[in-house]
Amino acid sequence: SQTIHQWPATLVQPVGSPLSLECTVEGTSNPNLYWYRQAAGRGLQLLFYSVGIGQISSEVPQNLSASRPQDRQFILSSKKLLLSDSGFYLCAWSSVGQPQHFGDGTRLSIL
Amino acid sequence: AQRVTQPEKLLSVFKGAPVELKCNYSYSGSPELFWYVQYSRQRLQLLLRHISRESIKGFTADLNKGETSFHLKKPFAQEEDSAMYYCALSGGDYKLSFGAGTTVTVRA
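Listed in order, the protein sequences are those of chains H and W.
Quick note: to get the working numbering, add 1060 to the position in the first sequence (first position is 1).
Quick note: to get the working numbering, add 157 to the position in the second sequence (first position is 1).
Hints are computed from structural coordinates only; laboratory data are not their basis.
Cβ coordinates follow ideal geometry from the N, Cα and C atoms, glycine included.
Treat the hints with care, since some could be wrong.
[To be verified] Here are a few chain H residues that sit away from chain W, every Cβ distance over 12 Å (derived from the structure):
id, residue
1, Q1073
2, G1076
3, Q1133
4, I1135
[Stated by the list, open to error] Calculated pairs, DSSO-like style, for lysine-lysine (alpha carbon to alpha carbon, straight line, at most 30 Å):
id, chain 1, residue 1, chain 2, residue 2
5, W, K230, W, K252
6, W, K252, H, K1140
7, W, K179, W, K230
8, W, K252, W, K214
9, W, K179, W, K222
10, H, K1139, W, K222
This is chain H alone, in the form it adopts within the complex (with noise of 0.2 Å):
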């Protein structure tokens, strides 16, 4: 059956530093990938999406990047991060035409 790995679950950094948030996918081949981010109070808004290795689609403009080096791998990267950064990231994978399944999610706070 398929699994969807995302990590770290939690994670507090200082304002300036870098950042990296993985996700993985097994059990599936060439997925559909997508990073979304839920800030307080808010639903929760794609920020990016993939449809295959090298492929990204960015939503809304912002101080992240995404990047897929493998068919089940997505990236969620800053060089470094603002303040307002800060929320719940999901990672979430589907097949084409079938709805969505997500991760834990990490909890990104920053200092």
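Knowing the structure of chain H, use the given hints to seat chain W on it.
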């Protein structure tokens, strides 16, 4: 542009009472609508999708294109239904737009 509105941030009901979570959407084409649920200490998971037309855990939701709504209903709420519920819309282009979510508390 597509948008999903969940007007209620919090909803509190007694066990055994009916519960209805409202969801309205804005989309110019034919959307696919979903309800996702997140129980305490669990990951976000799909509850139901409108094209399945099925009842999951006693919940149903009907897509009303005239009113652009996809309200979630359950006739008799249970304590285990306490959770955060998100309505979401897909325009068929892989992307989901989520509402802000409704926190449901079912009291004994």
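(message) Let me make sure I understand: some of the numbered hints might not hold for this structure. Which ones are they, in numerical order?
(response) 10
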